[in-house]
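Chains A and B are the protein sequences, given in the same order.
So for the first sequence, the UniProt record's numbering puts the first residue at 1; every next one is plus one.
So for the second sequence, the UniProt record's numbering puts the first residue at 1; every next one is plus one.
Selected chain A positions facing chain B (in silico; Cβ < 8 Å):
no., residue
1, G17
2, P26
3, K170
4, R178
5, P184
Chain B regions said to be covered by chain A (calculated; three or more residues, Cβ under 8 Å):
no., region
6, 41 to 54
7, 72 to 83
8, 89 to 103
9, 116 to 129
10, 145 to 151
11, 155 to 163
For the record, the hints were derived by calculation from the structure and aren't laboratory data.
Note that beta-carbon positions come from the ideal geometry of N, C-alpha and C, so glycine has one too.
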Amino acid sequence: MSKYHADQRGRYGKFGGAYIPEMLQPNIDDLNERYLPIINSQAFQDEYKSLLKDYVGRPSPLYYAKRLSEKYHTNVYLKREDLNHTGAHKINNAIGQILIAKKMGKNRIIAETGAGQHGVATATACALMGMQCVVYMGEVDIQRQAPNVARMKMLGAEVRPALSGSKTLKDATNEALRDWICNPTDTFYLIGSVVGPHPYPDMVARLQAVISHEIREQMLEKTGTPNPDYVIACVGGGSNAAGTFYHFLDEEGVRLVAVEAAGMGVDSGETAATIALGDVGIIHGSKTYLIQDEDGQIVEPYSISAGLDYPGIGPQHAHLKDTGRAIFLSATDQDALDAALELTRLEGIIPALESAHALSALRKMTFQPSDKVVITVSGRGDKDMETYMKRFQL
Amino acid sequence: MTNRIQQLFQQKKDILSVYFTAGYPTLNDTVRILQALEKSGVDLVEIGMPFSDPLADGPTIQASSLVALNNGMTIKVLFEQLVHIRKSVTIPLVLMGYVNPVHKYGIEAFIAKCAEVGVDGVIIPDLPFNEYLDDYKPTFDGAGVANINLITPQTPESRIRLIDENTNSFIYMVSSAAVTGAKKGLAPEQIAYFERINAMKLKNPTLIGFGISDRESFLQTCKHASGAIVGSAFVKMIGESPNLESDIETFVNNIKRG
Numbered sequence: 001m002s003k004y005h006a007d008q009r010g011r012y013g014k015f016g017g018a019y020i021p022e023m024l025q026p027n028i029d030d031l032n033e034r035y036l037p038i039i040n041s042q043a044f045q046d047e048y049k050s051l052l053k054d055y056v057g058r059p060s061p062l063y064y065a066k067r068l069s070e071k072y073h074t075n076v077y078l079k080r081e082d083l084n085h086t087g088a089h090k091i092n093n094a095i096g097q098i099l100i101a102k103k104m105g106k107n108r109i110i111a112e113t114g115a116g117q118h119g120v121a122t123a124t125a126c127a128l129m130g131m132q133c134v135v136y137m138g139e140v141d142i143q144r145q146a147p148n149v150a151r152m153k154m155l156g157a158e159v160r161p162a163l164s165g166s167k168t169l170k171d172a173t174n175e176a177l178r179d180w181i182c183n184p185t186d187t188f189y190l191i192g193s194v195v196g197p198h199p200y201p202d203m204v205a206r207l208q209a210v211i212s213h214e215i216r217e218q219m220l221e222k223t224g225t226p227n228p229d230y231v232i233a234c235v236g237g238g239s240n241a242a243g244t245f246y247h248f249l250d251e252e253g254v255r256l257v258a259v260e261a262a263g264m265g266v267d268s269g270e271t272a273a274t275i276a277l278g279d280v281g282i283i284h285g286s287k288t289y290l291i292q293d294e295d296g297q298i299v300e301p302y303s304i305s306a307g308l309d310y311p312g313i314g315p316q317h318a319h320l321k322d323t324g325r326a327i328f329l330s331a332t333d334q335d336a337l338d339a340a341l342e343l344t345r346l347e348g349i350i351p352a353l354e355s356a357h358a359l360s361a362l363r364k365m366t367f368q369p370s371d372k373v374v375i376t377v378s379g380r381g382d383k384d385m386e387t388y389m390k391r392f393q394l
Numbered sequence: 001m002t003n004r005i006q007q008l009f010q011q012k013k014d015i016l017s018v019y020f021t022a023g024y025p026t027l028n029d030t031v032r033i034l035q036a037l038e039k040s041g042v043d044l045v046e047i048g049m050p051f052s053d054p055l056a057d058g059p060t061i062q063a064s065s066l067v068a069l070n071n072g073m074t075i076k077v078l079f080e081q082l083v084h085i086r087k088s089v090t091i092p093l094v095l096m097g098y099v100n101p102v103h104k105y106g107i108e109a110f111i112a113k114c115a116e117v118g119v120d121g122v123i124i125p126d127l128p129f130n131e132y133l134d135d136y137k138p139t140f141d142g143a144g145v146a147n148i149n150l151i152t153p154q155t156p157e158s159r160i161r162l163i164d165e166n167t168n169s170f171i172y173m174v175s176s177a178a179v180t181g182a183k184k185g186l187a188p189e190q191i192a193y194f195e196r197i198n199a200m201k202l203k204n205p206t207l208i209g210f211g212i213s214d215r216e217s218f219l220q221t222c223k224h225a226s227g228a229i230v231g232s233a234f235v236k237m238i239g240e241s242p243n244l245e246s247d248i249e250t251f252v253n254n255i256k257r258g
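Isolated chain A (complex conformation):
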């Protein structure tokens, strides 16, 4: 493993680890012992690949965006995770983890969700496998994301409101961890991003790595070389970015770009730009950059995009920041809205607000006409239509 991956203690440089109460230690130890043998087994790989192909609809296309390329005088390729079943990259991870849960003999799945995309992906995978599913969601998010709540319920999941703290994603994560403490033997916690205690950040990155694996094959086919000059993804917790970067981490000629959500602006106090604010601490079991006050209390983040609205960031991304391997940009709500409308009008693709943050990098960076720039469109914009209707007066 390279210096950009987790070491045996689950460390990425000084980040990562497993800061969990003793009550969770046996669960984490169990998962830690079993996740790699399971993922590397032929039986898992056969079933996972077959489901990704026939159920999720992979490989997702790598689309040469001609009009966008003309506008920015470069070559823009879009990795179309928005075309996956359930509308985002989240399903890659949910399918993978549900297979791991099954192999570990667990029959009850719990998950946290913010906007509801990971909750829908988890509920979908549970319906597919006939598993019991409980999704924790902040009470505030339940009201903001009614269509996704209805989807989860239709899929047979129980949606439990997180009533503590700010009643959003971080509180839903706390509630899911409390559930796991209380149900240590039959329950599998299906985390939605590259966050949480080791081995979750590594496990989720491996399950999303299919994104960069396909990009390399598709670039080779389209351009004769597997490596683009840039790969760009949005980052909240950072799972689609981790998957987009995975097979390029040791290809130092490929520049990795992550775009955080600045909300109303990095210094506005209404932001989710974790890296830009740059304070190290421990959240949900992992040492990483996070948004906290001077006494170490976690500060509630803000972004127009519910999927990027998280006060921490995956520990691998924190390490990529410190080593200089990845470039971190931030995009405001307005930057994202502008980029979303531009993609829609130039290419006929309505992106999720999260993905629109990644697209805004086209305006923030300068590219050469010969550059090959891959941007991951992590999800589709259906779930954000209410926001688009309001902001674009549709």
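Add chain B to chain A, keeping to what the hints say.
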């Protein structure tokens, strides 16, 4: 050197330990509550340092933490409140809280401050034991501050042995797979777990916590350990109390003497 925690366990059994959240119900109640607890005969106190995201705690302690934070409680404020505590309180005192605020304060600085004001031990549930051994044990030992660890019904024997070998105070036995403030009463499998731990003949004494709320559950657990810890039930009581001193005395009397 024998510290206050070791002395207590050498001298007494049926130890009653009480947990409360610092800065709750109002910011400056901390010292008052400590004095009332000692006066009413409590043997050891765990002072909770409130955190925005207390993931091992149930609704009662979550709510008290939020109130305490809104009252302005921080680690700095808590140490200011405790600066003269050893002039009026002699029982062992333990600070309990989550790792992030302690990390932000600085773990070394935090331990030094504990020793300075007379705090005998700390419980940081989400500071991994291996990390404590690798990085922080000399700091704790040098300052004479005990690091107290939790074990649960799921903790493997080898890990319990490792914790016991590296502990010099007591071991906190979590009574069941639960967050704080759980159901009342002890199930047969919990008794079996307590007995399994007793049969291990650990060098450290144990206190049982989580789900201990009244005289009945206190007496039951005292049969299987050196004593027990009452948290959520006490926090709930002080949140509703019109007269802290007399209500604390009544609460402790009811548990210790019935």
